[in-house]
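A.B. asks: Below, each chain spelled out in residue letters.
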Amino acid sequence: METFTPTIPAQAPSTFRGGRGDPPQVASGGDDGRSDAGPPDFGTRLRRARLALAVALTPIVMLFVSFTSAYIVRQGLPTLDANSNQLVRDWLPIPLPTQLFLLNTLVLLLSSVTLEFARRQLGRQAALAPVKGIPGVSLGTERRIPWLAVTITLGLMFLAGQWMAWQALADRGFFVATAPSSSFVYLMTGCHALHLFGGIMALLVAGAASVLHRSLDSRRIIVDVTTWYWHFMALLWIYILALLEFAH
Amino acid sequence: MAGGPGGGETIMVAQEPHAHAAPQGFIRKYIFSLDHKVIGLQYYFLALTAVFVGMFLSLLMRIHLVWPAAVLPLLGEIKPETYLTLVTMHGTIMVFFVLTTAPQGGFGNYFLPIQIGAPDMAFPVLNMLSFWTTFLAYLVMLAAFFVVGGAPLHGWTGYAPLSALQSAGPGEGLGADLWITSIAIFCIASLMGALNFITTTLDMRARGMSMMRMPLTCWSWFVTAILGLLAFGVLLSAGVLLLMDRNLGTSFYLPLGTINGQLTGHKGGSPLLWQHLFWFFGHPEVYIAILPGMGVASQVLSTFSRKPIFGYKAMVYAMLGIGLLGFMVWGHHMFMSGMSPYTAFAFSIMTMAIGVPSAIKTFNWLGTLWRGRIQFASPMLFAIGFVSLFVSGGLSGPFLAQPTLDIPLHDTAFVPAHFHLIMGVAAIFGIFAATYYWFPKMFGRMMNETLGRIHFFFTLIGTYCIFMPMHYLGLAGQPRRYSQLTELAYLHPLIPLNRFITYAAIVTVTAQLVFLYNLLCSMFKGPKASDNPWHATTLEWTTATPPPHDNFGGHTPVVYHGPYEYSVPGAPQDYVMQNDPATVAAH
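Keeping their order, the protein sequence lines are chains A and B. At position 5 of the first sequence the residue is numbered 5 (my numbering), and the sequence of numbers has no breaks. At position 438 of the second sequence the residue is numbered 438 (my numbering), and the sequence of numbers has no breaks.
No lab work stands behind these hints: they were computed from the structure. None of these values were measured; they are calculated from a predicted model. Warning: the hint list may mix true and false statements.
[Stated by the list, open to error] Ranges between beta-carbon positions, derived for each pair:
| no. | chain 1 | residue 1 | chain 2 | residue 2 | range |
| --- | --- | --- | --- | --- | --- |
| 1 | B | Gly25 | A | Met164 | 47 to 55 Å |
| 2 | A | Ala247 | B | Gly265 | 26 to 34 Å |
| 3 | A | Thr98 | B | Thr258 | 35 to 43 Å |
Positions of the beta carbon are idealized from the N, C-alpha and C atoms, including for glycine.
With the rest of the complex left out, here is chain B:
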């Protein structure tokens, strides 16, 4: 190595902290840490606070829908515009700061380097920046609640012209500016994260860890990162145009029109342009939320069935296929926009084509379970719950993929029912499965199984009770985004069902407190975990619990096996670790 002037060696050491001693001070160790494990936990806890904020907002919505006149302590009566604020912030916080943040930023950051046998992410400083940028975006988003006019009303999809005019509503002033700014900052943070994930996956794998030996979790994080890389740049451009329309007087999204009887001063823009740009991001975003869940489900199902994952290669190609098709279907969110029937037909066909890789995955999960020696531990329960929700949420997809069915259903409760099951609850079940599965590795202690089971059954039954009836509400014509349903005569027969959903929501939210209690108590008081409590095969289980600063204690592992070698005939145990050279010796 060519030494530069001034002693290059020492400086290089300073730039590669992950390869050296762990930082000592509290701030370097826990706050501005460069360690991917600490950053992963930071992401996870950010998402944990966000999910409780988002859940609280949804509870307020459910309460308002069935008791519109209720005066809530501290919050008072919920006005229609407040209801729209709740819709907007619930959706935005959940999609960006929970479903995008926890599975990828949280678990991906923590476990991708360990599972591929790397000491850290490729660019630790960028990784830290990525988290703190996300944190900044989160603060800016929350700030929208507290400014004059409150948070915006335009929904998480931010459709123009509502989102493009300062005077369009009480929250559309500063609140909407903060909302867009937050999303733009989040885009930049996600792009930094995706850059790190892709480089790490391609360039940091240990010896013998070929791409086709990576655990499916790593594949899912890799594909998710690629989707993020392609999608967030487009959302960023959409956001820049929106900010220009709002603050510089341009007319990208604003056609000629009046507001409160006065000309807006804009003309010549197209509100549909926003929809195209937004959904070009928005549909891949759905897969950004669910793909890591698929990876975790595969990992957990294989481990607790004591069987190799059925059709590893098919699983990889199905994920790539879903990622690819995900970029060609954005128009199915816009069947209502008056697009040409031929265009709608093309989008419809592409959308239904996604059913094929999805079905392959489902089939392979069931194939993995088939005649396995299934152990119903909490992570396994949530992984099975994931498959169940993925199927039942996915089946309403082909309904909505058809323009003729989508047009009557589009603005009804059917659509929230569909997407909450598949991208909301299924993805959350993926996060739960990952939490219960990796908790021993992350915190060195076991979670309580009984509480895990209680949490699982209440959450599974509770979420089904919330979202299954919602399909019927939609079919019966109950509109979405309406703040008051009790005043419309044709909706009166639906009130009992709505009330049932609200009760189910209260029970489900309460059950999450069991999870929170279990999580926090087990962190400090749970029984000590061994290095490999699940007898799993992937590299994170070969290292100490919790893993040392450089993941493997001064050496890099060498990989000899695929990721899911369970019940291998002739092997001494019912699993073969990925770095186990023993069975290779005879080779």
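Bound-form chain A, shown alone:
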């Protein structure tokens, strides 16, 4: 056949994959873990949820990247002064409640650690679950610290601490609309707090799942993904704090 078509030998029908001609039976990707049309197993679900989290963090990064770029650009921007009719630099440094922020940082980092414990605790629970049912086997009375509840409390403490920080800013006369610099402080800390609140909600769902005796697998997935999200939120907070403290 005279065409531009690259000729395809019938023996190697996988040519259009990109040339290497792997044996077609070998899946180089795709979902190997899934049994035929059944519900996906735990490993698949966990991998999928983690992948989704990694994807979901991208727009959050983009959100704060655009805030950051706006923040940096705005700092260097001269603006028109009404009285002198001249361009002036009017960036007003904000006296941040640094000590309170550092205390909050500590609380948040601590909550990250406790959530990691919660995640591992659930993993241990899952590992021991098959043994539990064996007659005559006693696992002893393991001391179980409610890490999930501890984390939620610490998370709420962090939010309360941020609220206090906003109060402190307001006491010093800096409100949302006082100056661009104060707007940015409220904007970034507020957006972060909102995202962390989302994490707390997810943990509450996991907690409710525990109370309602939902499957351990589902709880593990929620807690696992939220843990990674939470660690990310801790890192993000440190980034925001550093930005506000050092770039003004």
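Mind docking chain B on chain A? Use the hints.
C.D. replies: Chain B in isolation, oriented as in the chain A frame:
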């Protein structure tokens, strides 16, 4: 699997509905469905209503431009601010609720899982939420028409300070707040959708469906999802700042200034900040609209030329290249902003660089057609129309990419002519091609070919008659966004041409009623379609028509072939299905 307390198995079953029996009740089946196919159709019909709203608004604009004194039934006379409202809502509804919604949310949702051999999207509940959030955004957007002051006037680009001040115009009060809220909700919906698309593409492919065996449609949805993921977060941040400026008294976008002789109370903001953030989203958005069209065009051209797509890998890399470059060119929308000539030069070079992957794609489409056994079915006509519009709309791109040419042309009709051809009509042709191509699979019936042809020729010639002369209007200096052109002496010679465009618009809009009639009638009365009426190769054609709830009736396909193996020498038919193990047996 470790069973949790309280019997994990049963609960898992409840959480994975797509792997099990189809829901029975009407509400679970058609309204709050978790089935990606139903959700895809929901998106499609949402876009279908939106496109008629948007088209109606554009018709009003065209009528007003040539007969400014006309008193329309029910609507009365169109005032200048009403005209700006029409401009704004036409652009917004078309870009967000048609061009972003139909190709990705509609066809992507319906066919991505089937084409990669998955039973559903990775997260069906999220998928449903994504649609209903989009629907909410749509309602909020439409509500802007009916509030005090009416819809906003700031254009789909929402430039500050006009968009940032409540008192800037009649529609800039509640109407503008609703507009921004709607966009913000839409961003969240799109992000949920993009999350699902990316996870599904990466993790749900059937055995043997490697990335480089995916149909180009799947690649286009994948790249589009990545663009959406990166772009919509930025638009969301821009919208949050705008809402704060409007309602909390901040000054992100508002410099010191007066309105109606009074100080606004804002100072120190930069209107250009909005433009940067908006266009950082806005330019990738253009590719979000057109990339799925490219995917569909590739799929359809290959099928109806009975030839493999020419240069599959080049097509994939060109799409990735377009996606990447799309994030580096936003400044070309802002040459008028007084940016440094060096910056403008950099943006200009990057913009022209997009011509390279675009040309690769065009060349490959033509290479696919070259000496193919072309069948001029309706989907094929629209795919060829897509290529034609992509070329003729794209060629004015390099004009506008040059700051020296863009500055005189920027605020003229030349720019609407350019972007309507390439991102408006070309993308719509992609949607039409997809509709005619996949209709048999979606509804189990064939569309009428004769009506399809009538629709095609009227639409192709009609849209060219609308937008080609518009370039000349722009070159002759006709400004855009002006509600009255008849009062300016230097524009008088252009009135006949404007009238011609309006007539062409009326004919083209009427031709869309043929499409609507064909679509709705064929849905119920068309001849029954076989499972694979086009003799195509991809996985959606291996399953029943319409596909069962879990797509493949209880099994997952195994893939042995690339997506476009047509006219394979030695094969029993002129096409080899992707899941056909027969030719592998000798291997």
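A.B. asks: State for each hint whether it applies.
C.D. replies: Structure-based check of all given hints:
1. B:Gly25 with A:Met164: 47 to 55 Å: Roughly 50 Å apart at Cβ, these two residues keep to the hinted range, so it holds.
2. A:Ala247 with B:Gly265: 26 to 34 Å: holds (28 Å)
3. A:Thr98 with B:Thr258: 35 to 43 Å: holds (39 Å)
In the structure shown, no violation is registered for any of the earlier numbered hints.
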